[in-house]
Structures are given as C-alpha cells and as structure tokens.
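**Q** Single-letter residue listing:
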Amino acid sequence: MSSHEYDAIVVGGGHNGLTHAAYLAKAGLRTLVLEKNDAVGGAAITEELMPGFQFTTFSYALSLLRPEIIHELDLVKHGFLPLMMPSSFHPTGDGGYLLFGDDHAQNLQEIRRHSPRDADAYERYHHDLDRVCQAVRPLFDNPPPNVFGKDPEDAVDVKWLLDHLGSVEQKVMHDVVRLLTGSAADWLDDYFEHEAVKGYHASSSVIGSKVGPMSPGSGLVLLFHKMGEHDGHLGSWAFHKGGNGGFTQVLNRAAQAYGAEVQLGSPVAGLITEEGRAVGVALGDGTEFRAPVVVSALDPRRTFLELCDPRELPLDLVDNVRRMKFRGVSAKVNFALDSLPVFPALPDTVDHYGGFLNIGPTIEYVERAFDAAKYGWYSERPYIDAAIQSVVDPDMAPPGKHVMSCFVQYAPYELKGSDWETEREPFGDKAQAVLESHFPGFGDLVLHREVVTPVDIEARTGLTEGNIFAGEFLAPQMYFFRPAPGWSQYATPLDGYYQCGSGTHPGGCVIGSPGRLASQRVLRDLGR
Amino acid sequence: MTVVRTTPFHPRLSELNDQGLYTHWQGTLSPLRYSHAPKHEYFAVRNSVGVFDTSPLYKYVVTGPDAEWLLAGALVRDIRTCRPGQAHYTAWCDDHGHVMHDGVVFRHSSDEFFLTAARPALSWFEELGSGLRVQLEDVTEGFGMLAVQGPRSRAVLSSLMPEADTLGYFEHIPVKVADTAVTLSRTGYTGDLGFELTVPEDRAVEVLDAVLEAGRPHSIRPFGEEALMTLRIEAGLPLIDIEWHDARLAMSDADKVTPKELGFGWMLRGVRDGSRRFVGSEAIRRELVDGTSRWATTGIVVDWADWDRLYRDHDLFPPKSEHPLPYESMILDDDRTEVGYCTSFVYSPVLQRHIGIARVRPDLAAEGTALRLELAVNHHNTTVQISTTKMPFFDPPRKKEERKKA
Numbered sequence: 001m002s003s004h005e006y007d008a009i010v011v012g013g014g015h016n017g018l019t020h021a022a023y024l025a026k027a028g029l030r031t032l033v034l035e036k037n038d039a040v041g042g043a044a045i046t047e048e049l050m051p052g053f054q055f056t057t058f059s060y061a062l063s064l065l066r067p068e069i070i071h072e073l074d075l076v077k078h079g080f081l082p083l084m085m086p087s088s089f090h091p092t093g094d095g096g097y098l099l100f101g102d103d104h105a106q107n108l109q110e111i112r113r114h115s116p117r118d119a120d121a122y123e124r125y126h127h128d129l130d131r132v133c134q135a136v137r138p139l140f141d142n143p144p145p146n147v148f149g150k151d152p153e154d155a156v157d158v159k160w161l162l163d164h165l166g167s168v169e170q171k172v173m174h175d176v177v178r179l180l181t182g183s184a185a186d187w188l189d190d191y192f193e194h195e196a197v198k199g200y201h202a203s204s205s206v207i208g209s210k211v212g213p214m215s216p217g218s219g220l221v222l223l224f225h226k227m228g229e230h231d232g233h234l235g236s237w238a239f240h241k242g243g244n245g246g247f248t249q250v251l252n253r254a255a256q257a258y259g260a261e262v263q264l265g266s267p268v269a270g271l272i273t274e275e276g277r278a279v280g281v282a283l284g285d286g287t288e289f290r291a292p293v294v295v296s297a298l299d300p301r302r303t304f305l306e307l308c309d310p311r312e313l314p315l316d317l318v319d320n321v322r323r324m325k326f327r328g329v330s331a332k333v334n335f336a337l338d339s340l341p342v343f344p345a346l347p348d349t350v351d352h353y354g355g356f357l358n359i360g361p362t363i364e365y366v367e368r369a370f371d372a373a374k375y376g377w378y379s380e381r382p383y384i385d386a387a388i389q390s391v392v393d394p395d396m397a398p399p400g401k402h403v404m405s406c407f408v409q410y411a412p413y414e415l416k417g418s419d420w421e422t423e424r425e426p427f428g429d430k431a432q433a434v435l436e437s438h439f440p441g442f443g444d445l446v447l448h449r450e451v452v453t454p455v456d457i458e459a460r461t462g463l464t465e466g467n468i469f470a471g472e473f474l475a476p477q478m479y480f481f482r483p484a485p486g487w488s489q490y491a492t493p494l495d496g497y498y499q500c501g502s503g504t505h506p507g508g509c510v511i512g513s514p515g516r517l518a519s520q521r522v523l524r525d526l527g528r
Numbered sequence: 529m530t531v532v533r534t535t536p537f538h539p540r541l542s543e544l545n546d547q548g549l550y551t552h553w554q555g556t557l558s559p560l561r562y563s564h565a566p567k568h569e570y571f572a573v574r575n576s577v578g579v580f581d582t583s584p585l586y587k588y589v590v591t592g593p594d595a596e597w598l599l600a601g602a603l604v605r606d607i608r609t610c611r612p613g614q615a616h617y618t619a620w621c622d623d624h625g626h627v628m629h630d631g632v633v634f635r636h637s638s639d640e641f642f643l644t645a646a647r648p649a650l651s652w653f654e655e656l657g658s659g660l661r662v663q664l665e666d667v668t669e670g671f672g673m674l675a676v677q678g679p680r681s682r683a684v685l686s687s688l689m690p691e692a693d694t695l696g697y698f699e700h701i702p703v704k705v706a707d708t709a710v711t712l713s714r715t716g717y718t719g720d721l722g723f724e725l726t727v728p729e730d731r732a733v734e735v736l737d738a739v740l741e742a743g744r745p746h747s748i749r750p751f752g753e754e755a756l757m758t759l760r761i762e763a764g765l766p767l768i769d770i771e772w773h774d775a776r777l778a779m780s781d782a783d784k785v786t787p788k789e790l791g792f793g794w795m796l797r798g799v800r801d802g803s804r805r806f807v808g809s810e811a812i813r814r815e816l817v818d819g820t821s822r823w824a825t826t827g828i829v830v831d832w833a834d835w836d837r838l839y840r841d842h843d844l845f846p847p848k849s850e851h852p853l854p855y856e857s858m859i860l861d862d863d864r865t866e867v868g869y870c871t872s873f874v875y876s877p878v879l880q881r882h883i884g885i886a887r888v889r890p891d892l893a894a895e896g897t898a899l900r901l902e903l904a905v906n907h908h909n910t911t912v913q914i915s916t917t918k919m920p921f922f923d924p925p926r927k928k929e930e931r932k933k934a
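Protein sequences, first through last, are from chains U and X. Just so we're aligned: the first sequence equals residues 1 to 528 in the working numbering. Just so we're aligned: the second sequence equals residues 529 to 934 in the working numbering.
Worth flagging that the hints you see were computed from the coordinates, not collected in a lab. Each residue gets a CB set at the ideal place from its N, CA and C atoms; glycine is no exception. Keep in mind that a hint or two might mislead.
[Stated by the list, open to error] A partial selection of chain U residues facing chain X, derived with a Cβ cut-off under 7 Å:
| hint | residue |
| --- | --- |
| 1 | Asp102 |
| 2 | Gln106 |
| 3 | Glu110 |
[Stated by the list, open to error] Below, in silico cross-link-like pairs of lysine-lysine (DSS-like), each with a Cα-Cα straight-line distance of 25 Å or less:
| hint | chain 1 | residue 1 | chain 2 | residue 2 |
| --- | --- | --- | --- | --- |
| 4 | U | Lys159 | U | Lys171 |
| 5 | X | Lys704 | X | Lys928 |
| 6 | U | Lys430 | U | Lys401 |
| 7 | U | Lys77 | X | Lys918 |
| 8 | X | Lys927 | U | Lys77 |
| 9 | U | Lys77 | X | Lys848 |
| 10 | U | Lys374 | U | Lys325 |
| 11 | U | Lys36 | U | Lys26 |
| 12 | U | Lys77 | X | Lys704 |
Generate the whole structure from the sequences, applying the supplied hints.
**A** So, in structure tokens, the structure goes:
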C-alpha cells in the first residue's frame with residue numbers, strides 16, 4: 001500500500017471531522033484527515049492575537065457535545081477539561097440585573113426580586129422544558145429513520161420512531177410541537193410576566209439564526225440549545241480549558257492516538273470518482289489520495305456542489321442543497337482588556353463575570369435588533385452574548401488582564417448598499433457602544449479589538465455565508481430533511497462518499513454527534 | 529453555653545463568604561462553601577488557586593532529647609527517615625494494630641517536631657512519653673493554618689516568599705511574610721500542587737490578606753468543605769470517621785481497620801521483618817506475614833453507560849453532582865454476594881466519572897476487577913457496574929514536581 005492510500009479520508013479537520021476520524025481509526029481503519037488551514041479545529045479554535053491573550057475567534061463555549069463521545073474516545077486521557085461557568089448575568093437595561101448561579105433556590109429569590117409571580121413559573125418552565133428534552137433526546141441521539149425508504153430495515157426504524165412518539169405524554173408532545181413550530185416569545189408568554197425574565201430566557205432562541213424571538217421557528221433554536229448539558233445539567237454550559245481550540249486539540253490528540261493521520265495546509269480541490277463511486281480526493285496542487293471511503297466534514301453546499309460534480313447527483317438533491325438556507329447573521333467582536341469592566345450596580349464583586357453576560361434586556365430589544373437584518377443591515381444596538389473567559393480560565397490572559405468574547409447579532413452576511421470590509425469597524429463600534437452603555441468606561445479598558453464578520457467566518461472556516469450551524473436551524477432543514485430529504489443518514493448518492501459535518505443531523509454547535517453517527521454508518525456499510 | 533469556636537482567619541474569610549453555610553469541624557466553625565457554586569471553588573484548585581482554612585486541626589509541639597524516640601515508637605511511618613525540613617503524612621495505631629488517627633509531622637530539628645492531628649491526641653502521646661525526656665505542648669489555638677492549593681499556588685506564594693519556588697514536595701521552611709515569621713510547607717489535602725502556611729494566630733489576618741492580594745490577578749478564591757471533599761476523594765486521601773474510625777473508640781471489630789487495610793501499606797517499611805517497632809507493629813507484622821488482612825482499599829470507577837441507563841430507564845436524568853453521596857454503599861460480586869463497601873463516592877468533574885474509595889475482599893482488589901455497587905434509583909435498590917482502579921484517581925505531575933534550587 002503506498003503512502004497515499006488509505007481506508008478512509010476525511011475532508012476537513014473541524015471538530016466533527018476529527019471526531020469522525022477518531023472513531024474510524026479506533027475501529028482499525030487507516031484514516032487520513034485533510035485540513036485546509038494550518039491548524040485543526042475549523043470554527044473551534046483558540047488564537048493568541050497578542051502575547052499572552054488567547055482569543056476564541058469563533059465558537060466560544062461547550063454544552064452540546066454528546067457525553068458518549070467523551071467516554072467512547074477516552075477524551076479525559078487526552079486533556080478534556082470542561083470548566084464550570086458558575087453564573088449567568090443579565091442586565092435589565094435600567095441599571096438593574098438578573099444574576100443566576102448554581103443554587104436553584106437562590107435563583108428563585110433572584111427572580112422574586114423582579115416578579116414574585118415568575119418564581120414558580122420559572123420552576124414550571126424548566127420542568128416542562130426538561131420533559132420536552134427527554135422526549136426529543138432519542139431522536140436527537142440517533143440517525144433519523146428513512147421514512148421514504150423501501151427497505152425492511154427502514155420500516156424497523158420508522159416503527160421505532162412511531163413507538164417512541166406514541167409513548168410521549170399528550171402535554172409533552174404538544175409542547176414539543178409548540179417549540180418546533182412556534183416562537184420563543186409565545187412560548188415564554190405562557191410562563192412569565194416580567195420583561196427581563198422573558199428576555200433572559202429568549203436569548204438562546206436566536207443564536208446563529210435569522211429569526212427574532214417573535215418569529216415562528218425561534219422556539220426550535222431555543223430547544224436546541226437546551227439540549228446541551230454540562231456534567232448532567234441540561235442547558236448548562238462549560239468553558240473548555242484553553243477555549244474550544246483547547247477542545248479540538250484534545251480531539252486531535254485522541255484521533256492521532258487511535259492512529260489517524262492529520263495533514264494540515266491541504267485544501268481538497270475535489271472528489272475523485274470512478275464509475276459512480278468515490279475512490280479518493282485530489283488537492284489543489286494535484287496530489288491525489290486514494291481511499292474507498294471519503295467523508296466530507298464540510299457543509300452541504302461544499303459537500304454536494306463543490307467537492308463533487310453536481311452532475312453526478314440526482315437533480316432533486318442538488319436543487320434542495322442549492323435552496324438550503326444559510327444566511328449567517330452572527331459576528332464576533334473579541335476584546336483584550338486591561339482589567340475587568342465595572343457594572344455600576346455591582347462595583348465590588350467579580351462573581352457576575354463567571355459565565356455569560358447576556359446583553360439583550362428584553363424580547364423587544366432583541367426583536368428590534370433583528371429588524372435591521374430583515375432589510376439587509378446590521379443592528380444599531382445589537383444583541384451580545386459575552387463571556388470574560390479569563391475569569392473562568394486564568395490561563396487565557398496574563399495575570400490581572402482579561403479576554404472577552406462577544407457573540408454579536410445581527411450581522412447579515414449580505415449587506416444592502418455596502419460590504420463587510422467597509423463596515424467592519426463601524427459595526428465593531430456599535431457593539432462596543434452597547435457594552436459602554438452597560439459598563440461605563442469599557443472603552444478605556446480595551447487593549448485590542450478583533451471584529452470577525454460573517455464574511456470572515458466564511459473565508460476562514462469555509463462555513464457557507466458564515467452560518468455557524470452549517471445550515472440554518474429551520475424545521476424544513478432538520479431531522480429527516482437535514483441536509484436534504486432522503487439523504488439524512490450520512491450517505492450520499494455516490495457509493496463510498498459520506499457526510500459527517502454540522503449540516504447533517506443533529507447538526508450545529510460543538511456537538512460531535514454528526515461525526516459519531518456518521519462513523520457508525522460508514523462502519524456498518526463496511527461490515528465492521 | 530459557649531459560643532462556637534472560630535479560626536484566626538475567620539474575621540476576613542467570613543467577609544468573603546456570601547452563603548453563611550457552615551459546619552462544625554471539631555467544634556470549630558468551618559464553611560461548607562463560600563459561594564453559590566462549590567464546583568467553581570473546586571475548579572479554583574484544579575485550574576488556578578484556592579485557599580482553605582485548615583486551622584481546626586489539632587497541633588502539638590514535641591520537643592526534647594527523646595522526642596524522636598517517642599514518635600518512632602508511636603507513628604506508623606519511620607520518623608527516623610524524616611530529616612529536619614521535611615514532613616511526613618503518617619498515622620498511629622492502638623496496640624492491636626488498628627488505626628487511631630492520622631496527621632502530618634513536621635520535623636524542625638533533631639529534637640523538635642510539630643504534629644497535626646485530626647482528633648485530640650495529647651494524652652495518648654503523653655502516656656507513651658511518660659518517663660522520657662520529652663515535652664508535649666498543645667498549640668492548637670496558637671496557630672492558624674492556611675492551605676494555598678492549585679497549579680498557580682507556587683506563582684502566588686513565590687511573589688511573597690521566594691523560597692516557595694524551589695520548595696520540594698513534603699518539605700517545609702521558615703519564611704517571612706507580612707512581617708510575620710511563618711512556616712511554609714509543600715503539603716495539602718487536595719492532591720494538587722499546593723502549600724500550607726502555619727501562622728501565629730495574632731498575625732493570621734495580615735498573612736491571609738497578603739496571600740489574597742498576591743493571588744488576585746490569578747483569580748484566587750477561598751474554597752469550603754464541599755469542594756475539599758471532591759478534591760480529596762480524587763486524590764484518594766482517606767478521612768477519619770468516613771474511611772475509618774478511631775480504633776480506641778470503635779465498638780465493633782468491623783469498625784476497626786489496620787494500616788494495611790486502609791491502604792497505608794506503603795508506610796510499613798521494616799515491619800514485616802521486625803526491624804522496626806511501634807505501637808501495634810507486632811500485630812501488623814503478624815497480619816502481613818500470615819496474610820490475614822480482611823480488606824484491601826481500592827478506588828472504584830462507575831461504568832458511565834450503565835449509570836446513565838439506570839436513571840434513563842426510569843425517566844430520570846442521571847445525576848452528575850460533585851456533592852458526595854452521604855452514605856455507605858455495599859459492593860457486590862456477580863452473584864450479588866457482599867464483598868465490600870464504598871466509603872466515599874463523588875462525581876469527578878476532571879475525570880467525568882463517578883468515583884469512590886472502597887474496601888473489598890483482598891482477592892478482588894486487582895486493578896480492573898468488575899464488581900457492582902449498590903444504590904437506590906427511583907426508590908428501588910439496584911446495582912451499577914463498577915471496576916476497581918488505582919488511587920490517586922487524579923495525580924498531576926505538578927503535585928510532586930521538583931524545581932532545581934539555585
């Protein structure tokens with residue numbers, strides 16, 4: 001066997017590609033990962049932009065990662081270390097705040113400060129949502145059955161799904177449907193009266209998606225983010241030691257320990273096919289690598305329209321992938337800070353900086369931020385999900401200094417009448433002005449500012465239109481239909497060609513599941 | 529009615545405690561947690577630096593020409609191998625070779641020792657020392673002890689006392705901080721890189737303030753007993769009245785353990801061949817020679833998939849709480865026969881596994897033995913798959929790492 005022949009080639013060394021490669025290598029396949037950039041990680045990287053200051057350029061926290069992967073790939077041995085983010089801070093826009101911590105009863109008291117009525121609503125809300133998560137989890141963690149298939153095996157899968165859905169309680173099933181099809185605002189209205197309490201809970205309903213909290217479909221995004229867990233706590237987030245780049249380095253070590261080879265700086269130009277089946281890939285410089293299994297960890301556009309020749313694919317698939325919605329609306333503005341910012345109502349403590357700072361006081365605030373995006377412009381006062389990561393992991397910045405990651409929305413990929421090169425710094429100024437309004441004097445602390453626009457996200461990670469989920473979280477693009485009807489089980493119409501990126505079920509976020517479930521498919525097809 | 533005792537650091541540490549949740553540690557107020565999130569305090573130790581007030585330990589000064597003779601005849605570890613400037617974690621036994629207490633002995637010179645103890649032990653040592661040229665003094669109230677633990681503890685303390693930079697594992701040295709003479713030791717109860725400061729009680733707050741100030745750029749924070757419990761279990765360190773009971777106060781043989789049974793076999797050099805004698809050594813020698821140990825102490829690790837399944841089968845979320853379970857669970861073999869018991873149990877955030885300290889039949893202690901742990905799920909008794917494993921569970925190289933002395 002020559003050095004350019006493998007059992008499997010994975011295109012893309014993001015977290016799903018690495019996860020997938022680790023599983024294949026663990027099963028004994030001679031596996032090669034080809035990564036276009038000079039470092040692995042895809043959109044989960046950590047970069048030292050100033051000496052001693054570590055920036056999570058793109059993705060910035062961990063929650064959705066499926067716990068099975070931690071154990072099956074023995075990640076702790078390779079340095080997996082999720083640090084607790086102990087608090088969650090929500091300025092209410094009037095100088096006040098909601099501050100949530102790890103003590104449930106104290107959180108109830110915090111809500112009672114604002115609305116006595118919302119305290120038991122908060123308990124009911126989380127209980128109902130937990131029940132929904134429980135009902136959805138088997139769907140989330142297994143490949144979608146092929147409801148269009150003719151195989152007896154497909155019939156078995158479909159029966160499994162129907163039996164499971166049949167076992168779900170009536171109220172829970174109704175809640176599932178309300179979340180999957182409705183708006184977060186409507187869902188939250190059924191529980192809470194206080195605008196800030198609603199605003200706090202609505203924030204996860206718009207992350208990475210071209211929806212406002214009042215748009216139908218935002219419920220689905222809210223539910224998706226609740227499916228994550230940290231040490232068994234649903235919906236809670238952790239910060240991996242060294243950021244998500246630290247996490248993908250763990251995956252990189254695990255994959256290589258199982259025997260996978262990872263080759264950097266190797267952009268794949270295209271798939272090589274012979275008689276309708278994949279037999280390898282070619283790099284831009286003409287180098288060829290041969291393998292009977294080629295797996296794309298790229299998003300569906302690149303998987304079906306760029307890596308392979310669309311003429312080799314059924315027209316309906318090509319058509320569906322062309323019409324798939326990406327439409328990135330998120331940007332990052334990352335800061336190096338000379339010291340911690342000061343929130344005037346909490347001058348003498350740092351405990352409110354232990355987790356996310358949720359800058360989007362009310363549903364109306366976030367919805368208005370969304371309005372601009374509908375018409376091709378970025379928000380005048382954007383929604384910001386911030387985290388001062390050096391508080392949780394002091395190794396992210398020199399002693400006493402800090403790094404602050406800000407996820408900023410809305411920043412539509414296509415601007416009407418301008419472009420992102422022109423608008424980069426003006427947009428950064430808008431985000432910084434919002435921070436200044438909550439943390440007076442913020443600007444004086446800034447040692448460095450990095451603005452990462454949707455165009456940057458696309459150019460550096462390859463995510464089409466900068467969509468962080470590799471395909472929007474819209475009901476017609478989920479489950480049986482992710483990435484396209486009939487092709488939700490990680491195979492493609494080309495024999496030997498598979499998909500394992502975030503554009504496949506259950507997709508999006510640093511979750512690892514597409515990589516894991518796709519490896520099960522590949523290994524089953526190989527009779528392993 | 530007396531007011532409960534507080535430690536010399538209490539005036540400052542109580543200001544940093546926004547929870548007001550205390551327990552009584554040997555009659556002394558001791559925080560369970562300082563913040564709403566004990567797990568965050570835990571991560572201070574595993575990822576940056578934390579401080580713990582360990583002042584409630586009993587402290588004795590042992591001096592005189594026969595001090596070494598007394599301790600050599602009382603302590604399980606051979607104190608004669610402890611040079612001045614070194615410290616020993618050790619234990620002492622009753623005459624039947626059953627463990628009474630544990631503690632750390634710091635040797636200051638050929639004839640001067642400082643001993644910490646988990647339980648009062650003055651009369652025990654006085655009786656053993658009767659007729660010897662030795663003085664024993666209870667200095668428990670005279671000193672505060674502050675543990676500074678975690679990967680950044682060395683950086684924090686080195687900025688105050690350069691000696692910290694090169695101090696070796698289980699060494700100690702007199703240093704000056706905040707114009708106060710204190711003893712700095714590379715000791716602790718967390719299984720991580722860490723130090724302890726033994727401070728005259730009237731200067732405790734000043735020394736604490738200096739440490740907190742130096743630690744501020746490193747996100748230093750105090751941690752309470754809940755965090756400590758997870759840390760010490762990960763480190764495989766036993767705790768009196770949890771892993772064992774004072775043999776002199778135990779009512780049944782089942783409540784007594786020998787050093788070998790408790791996992792202290794490594795302390796017993798020179799016992800089997802009779803070359804070393806101390807209280808209980810003859811009984812321990814017979815145990816070693818005849819192989820009569822009833823138990824072996826081992827780590828156990830829970831099969832994660834079995835744990836999750838047990839709970840999910842009942843529509844429950846599998847708990848992964850860092851708080852230890854407060855009861856003793858039986859360990860069973862495949863025939864559901866009791867073969868041991870688990871004394872400490874916790875979810876380890878750094879290992880992402882439930883772990884425990886357990887005592888099993890010696891023939892089952894080989895690493896990787898598959899056993900089952902009893903627990904209640906959904907109000908029914910059931911068992912979960914476990915396997916035995918070596919301790920410490922978590923043992924970073926930084927814990928014992930030596931730095932070259934200039």
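**Q** Each hint: holds or not?
**A** Cross-check of the supplied hints:
1. The restraint placing aspartate 102 of chain U at the interface with chain X holds, with a minimum CB-CB distance near 4 Å, inside the 7 Å limit.
2. A distance limit of 7 Å between C-beta atoms decides the matter here; for glutamine 106 of chain U the minimum to chain X is near 6 Å, and the interface restraint holds.
3. Evaluation of the glutamate 110 of chain U hint against chain X yields a violated restraint, the C-beta minimum of about 10 Å exceeding 7 Å.
4. A distance of roughly 22 Å separates the Cα atoms of lysine 159 of chain U and lysine 171 of chain U; the hinted pair therefore holds under the 25 Å criterion.
5. Simply put, lysine 704 of chain X and lysine 928 of chain X have alpha-carbon atoms about 24 Å apart, close enough for the 25 Å limit, and the pair holds.
6. With a C-alpha separation of about 24 Å, the suggested pair lysine 430 of chain U and lysine 401 of chain U falls inside the 25 Å cut-off, and the hint holds.
7. For a cut-off of 25 Å, the pair hint linking lysine 77 of chain U to lysine 918 of chain X stands: about 15 Å separates their Cα positions.
8. For the given pair, lysine 927 of chain X sits about 18 Å from lysine 77 of chain U by alpha-carbon distance, which is consistent with the 25 Å threshold.
9. Straight-line distance between C-alpha atoms of lysine 77 of chain U and lysine 848 of chain X comes to about 19 Å, which keeps the hinted pair within the 25 Å bound.
10. Distance restraint check for lysine 374 of chain U and lysine 325 of chain U: the Cα-Cα separation of roughly 14 Å lies within the 25 Å cut-off, and the hinted pair is therefore satisfied.
11. Restraint check for lysine 36 of chain U and lysine 26 of chain U: satisfied, since their Cα atoms lie roughly 24 Å apart, inside the 25 Å limit.
12. Distance check on the hinted pair: lysine 77 of chain U and lysine 704 of chain X sit about 40 Å apart at the alpha-carbon level, beyond 25 Å; violated.
The earlier numbered hints that this structure contradicts are 3 and 12.
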